[in-house]
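These protein sequence lines map, in sequence, to chains A and B.
Numbering follows numbering that gives the first Met the number 0, with no gaps: position 226 of the first sequence is 225.
Numbering follows numbering that gives the first Met the number 0, with no gaps: position 273 of the second sequence is 272.
To be clear, the hints were calculated from the coordinates, so they are not data collected in a lab.
All C-beta atoms in this analysis are idealised placements derived from N, C-alpha and C, irrespective of residue type, glycine included.
Please note that the accuracy of each hint is not assured.
As the list claims (entries may be wrong) - Here are some chain B residues pointing at chain A (derived, C-beta under 10 Å):
1) W200
2) T209
3) P260
As the list claims (entries may be wrong) - Computed footprint of chain A on chain B; a stretch qualifies when at least three of its residues, placed anywhere within it, have a C-beta under 8 Å from a C-beta of chain A:
4) 213–222
5) 272–283
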Amino acid sequence: MMGLRFDHLSLALRGRQVLRDVSGHFPPASVTVILGANGAGKSTLLACLAALRTTDSGEVTLDGKPLLAIPPMERARQIGLLPQQADIHWDINVRALVALGRLPHHGRWGRRAADEAAIDEAMAQTDCARFAQRKAQRLSGGEQARVLLARVLAGKPDWVLADEPLANLDPAHQLDAMACFRAAASAGAGVALVLHDLTQAARIADHLIVMKEGGIIASGPKAQVLTPAVLEAAYGVRVYIGQDETGAPVIAPVSRVA
Amino acid sequence: MDGIPVRLNFGLLAALLVVMLASLMAGRTWVPFGHWLSGDLQSLIVMELRLPRACVGAIVGASLGMAGAAMQGYLRNPLADPGLFGVSSSAALGAVVSLYFGFAISAWLLPVFALTGAGLGMAALAILAGRSGSLILFTLSGVILSSLTGALTSLLISLAPTPFASSEIVTWLMGALMDRSWDDVRIALPVSVVGMGALLWAARSLDALTLGDAVARSMGVDMGRLQWLIVIGVGLTVGSSVAVAGIIGFIGLVVPHLMRPLVGHEPSALLIPSALAGALLVVLADCLVRILPFTSEVRLGIAMACLGAPFFMMLLFKMRREVA
Chain A
0 MMGLRFDHLS LALRGRQVLR DVSGHFPPAS VTVILGANGA GKSTLLACLA ALRTTDSGEV
60 TLDGKPLLAI PPMERARQIG LLPQQADIHW DINVRALVAL GRLPHHGRWG RRAADEAAID
120 EAMAQTDCAR FAQRKAQRLS GGEQARVLLA RVLAGKPDWV LADEPLANLD PAHQLDAMAC
180 FRAAASAGAG VALVLHDLTQ AARIADHLIV MKEGGIIASG PKAQVLTPAV LEAAYGVRVY
240 IGQDETGAPV IAPVSRVA
Chain B
0 MDGIPVRLNF GLLAALLVVM LASLMAGRTW VPFGHWLSGD LQSLIVMELR LPRACVGAIV
60 GASLGMAGAA MQGYLRNPLA DPGLFGVSSS AALGAVVSLY FGFAISAWLL PVFALTGAGL
120 GMAALAILAG RSGSLILFTL SGVILSSLTG ALTSLLISLA PTPFASSEIV TWLMGALMDR
180 SWDDVRIALP VSVVGMGALL WAARSLDALT LGDAVARSMG VDMGRLQWLI VIGVGLTVGS
240 SVAVAGIIGF IGLVVPHLMR PLVGHEPSAL LIPSALAGAL LVVLADCLVR ILPFTSEVRL
300 GIAMACLGAP FFMMLLFKMR REVA
């Protein structure tokens with residue numbers, strides 16, 4: 000049973016059911032996008048998949064093994080998490096920050112050449128090499144987002160879980176970030192992204208999962224999922240679905256459904 | 000980047016050795032190098048008073064410096080101090096209990112009581128904070144513990160059977176290195192070394208915490224285990240230093256601040272330089288209090304506080320400029 004799989008996850012927090020019996024599967028070498036309104040349980044699901052949270056019932060398995068039974072360091076080498084909120088606590092420089100992504104890989108006694116190469120590669124991919132020696136805290140929000148993404152990619156995880164990775168990026172760097180995720184998937188990684196930009200979601204996703212109120216209301220390839228009916232049910236909005244001149248989809252919210 | 004801490008560590012180590020050697024000469028009587036091994040009274044001063052004193056000073060400074068660096072990294076707060084945990088006040092309470100009952104006749108009893116106090120404080124901290132590894136619970140537990148032990152210490156001072164006992168307690172609390180012997184080195188060194196080992200073991204996890212605890216956990220850091228390492232490491236280092244020198248403030252706060260820009264702000268790279276610089280600062284300050292021309296020696300704890308306050312004022316002004 001290859002892949003990152005979750006079966007019948009349920010979780011109640013302070014009396015609120017945040018996950019309701021959700022099941023699904025992130026295949027390797029592809030991009031899965033999780034959609035849903037605010038508070039639908041997307042971030043909680045990612046946290047469960049990264050083993051940051053335990054559920055009341057159900058199980059997450061990685062290539063057939065229960066996720067929680069895998070030693071934390073081993074798990075950290077396989078799953079890279081990019082959370083929504085960026086915390087950078089010390090005034091470290093960009094390269095040192097990206098190098099943190101190699102922590103699960105090298106021993107206690109410092110980095111090796113392979114680590115350095117992975118760091119440089121991740122920085123080149125995310126267009127961070129230009130400010131490698133600048134202080135990460137003093138960068139703009141978008142630059143920080145790229146550096147934090149580089150940290151995840153430097154670990155070369157088999158699974159990349161990213162929570163709203165486009166939130167602070169300008170359009171050019173949104174496209175760059177999407178290219179990074181696509182490149183990671185092409186290199187064999189299973190990528191799971193929580194996105195709110197429907198057009199970007201439609202363009203990058205191989206599979207989609209749509210959540211509402213802690214449950215999954217639709218999942219599958221995009222032709223099945225990205226329909227006006229599903230999106231209306233998920234967000235309570237009417238959407239425009241069109242194509243640009245290359246035939247790539249364009250999806251924009253138009254009005255609220257009363 | 001990696002080369003800088005190595006060079007810094009060697010520089011600090013060399014400076015520490017120089018200052019420790021110089022401290023053997025300095026004091027009420029000036030003992031030049033030629034007399035150190037002569038076997039006369041002056042060499043006795045050097046070998047049985049000043050050398051153990053310098054060693055105790057270095058152990059205390061290194062302990063407090065590294066504990067401070069680790070605390071700041073763990074709490075991700077540059078204003079965290081090893082005293083915040085309540086371990087130092089628990090150790091002080093243990094020592095005060097032994098002074099209160101007049102047990103301090105044997106050189107071993109007071110430090111043993113202080114270490115017991117530190118151990119009980121660590122256990123209380125671990126029980127109060129629970130297993131979650133939550134920083135807020137942990138900090139609150141430390142605050143509760145330090146205010147409780149502080150209150151109990153005050154209680155013992157006010158209940159002291161004789162004015163002599165209460166003044167002895169108050170004086171001891173101020174922290175000093177006078178009249179330290181090789182016994183104190185024998186007590187403090189092993190405990191402190193084990194504590195520093197625990198903190199160094201936690202170094203990688205401290206780096207991961209730079210990006211917040213969710214990312215740290217996703218990078219394989221076990222927050223519960225890290226909390227144990229910090230409790231043990233800070234408890235043993237701070238406990239041993241309180242046991243042999245009383246409460247000496249500001250080292251754990253100031254030294255990591257001074258070292259941080261020199262190591263590129265990385266929490267793991269900060270630990271060893273903070274230990275070395277802490278040792279350097281304490282030995283240096285102890286030389287100063289010995290040669291100051293007062294009738295009785297200024298307590299080291301007081302001297303450090305006097306040095307620390309202006310330092311923090313400087314820091315405040317710098318922060319004010321950055322905020323403005």
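For each hint, the structure was consulted:
1. Below 10 Å, beta-carbon pairs count as interface contacts, and B:W200 has one with chain A at about 8 Å; its hint therefore holds.
2. The closest approach between the C-beta of B:T209 and any C-beta of chain A is roughly 5 Å, which is under the 10 Å cut-off, so the hint is satisfied.
3. Using the Cβ-Cβ criterion of 10 Å, the hint placing B:P260 at the interface with chain A is satisfied: the shortest such distance is roughly 8 Å.
4. With 8 residues having a beta carbon nearer than 8 Å to a beta carbon of chain A, the stretch 213–222 of chain B meets the requirement of three or more and the stated coverage holds.
5. Residues of the stretch 272–283 of chain B with a Cβ under 8 Å from some Cβ of chain A number 0, which does not satisfy the need for three, so the listed coverage is violated.
Of the numbered hints listed earlier, the single one contradicted by the structure is hint 5.
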